[in-house]
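Peer 1: Chain residues, written in single-letter form:
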Amino acid sequence: MSPISPATPAIVGTEWTRPILPKVANPSVGSDLEGIAASGSPQTYARFGDVLTDLIRQTDQAQRVSGETTGALLAGQNVPVHQAMIAGEEASVSFQLMLEVRNRLLEGYQELMRMQV
Amino acid sequence: MNLIPGATSATQGLQAEQLRMEVISQNIANARTTRTSSGGPYQRQAVRFSEALGEALSGVDATRGDRQAMPRLEILPDTRPPVRVHQPGHPDADGEGFVSYPAISVHEEMADLVSASRTYEANLAVIRNGRALAQQALSIGRRA
Chain V
3 MSPISPATPA
13 IVGTEWTRPI
23 LPKVANPSVG
33 SDLEGIAASG
43 SPQTYARFGD
53 VLTDLIRQTD
63 QAQRVSGETT
73 GALLAGQNVP
83 VHQAMIAGEE
93 ASVSFQLMLE
103 VRNRLLEGYQ
113 ELMRMQV
Chain B
2 MNLIPGATSA
12 TQGLQAEQLR
22 MEVISQNIAN
32 ARTTRTSSGG
42 PYQRQAVRFS
52 EALGEALSGV
62 DATRGDRQAM
72 PRLEILPDTR
82 PPVRVHQPGH
92 PDADGEGFVS
102 YPAISVHEEM
112 ADLVSASRTY
122 EANLAVIRNG
132 RALAQQALSI
142 GRRA
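If you read the protein sequences in the order shown, they are chains V and B.
FYI, in my numbering the residues of the first sequence are 3 to 119.
FYI, in my numbering the residues of the second sequence are 2 to 145.
Fair warning: there could be bad hints in the mix.
Said to hold, decoys possible - Chain V stretches covered by chain B per the calculated footprint, using a threshold of three residues with CB under 8 angstroms from any CB of chain B:
no., region
1, 66-75
2, 110-119
Claimed, not checked - Chain V is faced by these chain B residues, among others (derived, beta-carbon under 8 angstroms):
no., residue
3, S10
4, Q19
5, A133
6, G142
Bear in mind the hints are in silico, worked out from the structure with no lab data behind them.
We put the beta carbon where it would ideally sit given N, CA and C, even for glycine.
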């Protein structure tokens, strides 16, 4: 099992860069988003499927980090308890996000199928 | 992906408080230790929080100066001199019959322990709050 760094959980490693967002009327928010979009190399997805795949991959990774951390804790390695709990919470919230996106997607699909032709 | 706001800093805070508690427990356990491997009584260990700059995580470039200040704990020896107690029969007594005890007040350590445990709780509260916020934000898209 790979050693777990106490400082930052491994989930942080893969960073999702924001896609370019349209300008917002609110000046403070707009400038902030602009700055973020300008600083990182914004990733543009060709298809929505790619976005979804990426989201699922990140959720899976969060789950794996949580599992590894908890496993290391239970195996008696020097992992603080809060680290394992926080990794679990991050995995849980990340899964909830994925679930919400999936629900909305399904809703859209069902709406489409109900359309009268 | 940084879904729980404040989790990174709070984790560092928890880490630091945990280490602080370990130092306090070491001080309490060695409050009457008169002999160590380096000779002389146990030296009380003090902690110092210093700011370590961690790179901001959520899509913000570190070169822009948006960094998160993380606490980092340094363990330093306390500078107070040992307390000399007249105990002629003690095996570690010097020529004049004085024994050097570490300058540790258990009451002071207990007060520190309370402070450490409350700060730990505060960091936990930050994480709990962050999780609740994230879950509430996710509930925006929910129907019915």
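Peer 1: For every hint, state whether the structure bears it out.
Peer 2: Structure-based check of all given hints:
Given a C-beta distance limit of less than 8 angstroms, the hint that chain B covers the region 66-75 of chain V is violated, as 0 residues qualify and 3 are needed. As drawn, the region 110-119 of chain V meets chain B at 0 residues by the rule of a beta-carbon pair under 8 angstroms; below three, the given contact is violated. A least Cβ separation of about 11 angstroms between S10 of chain B and chain V goes past the 8 angstroms threshold, and the interface hint is therefore violated. Annotation: Q19 of chain B was flagged as interfacial toward chain V, and the flag holds, the nearest CB pair being 6 angstroms apart, inside 8 angstroms.
Evaluation of the A133 of chain B hint against chain V yields a violated restraint, the C-beta minimum of about 10 angstroms exceeding 8 angstroms. Annotation: G142 of chain B was flagged as interfacial toward chain V, and the flag holds, the nearest CB pair being 5 angstroms apart, inside 8 angstroms.
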